[in-house]
Amino acid sequence: VLNDVSALPAPLLGTDTQDHDATEHELTWGPPQALPTRLLAFTYRTTPQLHISLWAAPSLFAPEEAEGFLS
Numbered sequence: 128v129l130n131d132v133s134a135l136p137a138p139l140l141g142t143d144t145q146d147h148d149a150t151e152h153e154l155t156w157g158p159p160q161a162l163p164t165r166l167l168a169f170t171y172r173t174t175p176q177l178h179i180s181l182w183a184a185p186s187l188f189a190p191e192e193a194e195g196f197l198s
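For the sequence shown, the tail end lands on 198 under the numbering used here, and the numbers increase by one without skipping.
Be a bit skeptical, because a hint or two may be false.
[Claimed, not checked] Here are the simulated distance ranges between beta carbons:
#: 1; residue 1: E151; residue 2: S186; range: 25 to 35 Å
#: 2; residue 1: T164; residue 2: G195; range: 17 to 27 Å
#: 3; residue 1: E194; residue 2: T164; range: 14 to 24 Å
#: 4; residue 1: E151; residue 2: Y171; range: 10 to 20 Å
Hints in this document: simulated from the structure, not taken from any laboratory.
None of the values given here were measured: they were computed from a predicted structure.
Backbone N, C-alpha and C fix where the C-beta goes; we use that ideal spot for every residue, glycine too.
Could you build all of it, start to finish, from the sequences and the hints given here?
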């Protein structure tokens with residue numbers, strides 16, 4: 128299930144609009160894992176920063192493609 132609220136105006140989201148280009152993003156790679164799924168994403172932590180974890184099956188997605196899901 129994907130709940131894409133990116134089309135909602137900021138007042139409905141309850142947040143101020145931000146300049147996304149000024150925000151720094153950090154991407155780190157975890158250890159290789161074998162999971163019985165093709166794509167798995169979840170919110171790991173919300174404070175002090177949002178931490179989203181993503182696992183994409185390496186047999187289906189190149190690392191560059193997996194990174195694209197997070198941008």
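To see whether the hints hold, each was checked on the structure:
{"no.": "1", "hint": "E151 - S186: 25 to 35 Å", "in the structure": "31 Å, holds"}
{"no.": "2", "hint": "T164 - G195: 17 to 27 Å", "in the structure": "18 Å, holds"}
{"no.": "3", "hint": "E194 - T164: 14 to 24 Å", "in the structure": "18 Å, holds"}
{"no.": "4", "hint": "E151 - Y171: 10 to 20 Å", "in the structure": "18 Å, holds"}
Of the numbered hints given earlier, the model fails none.
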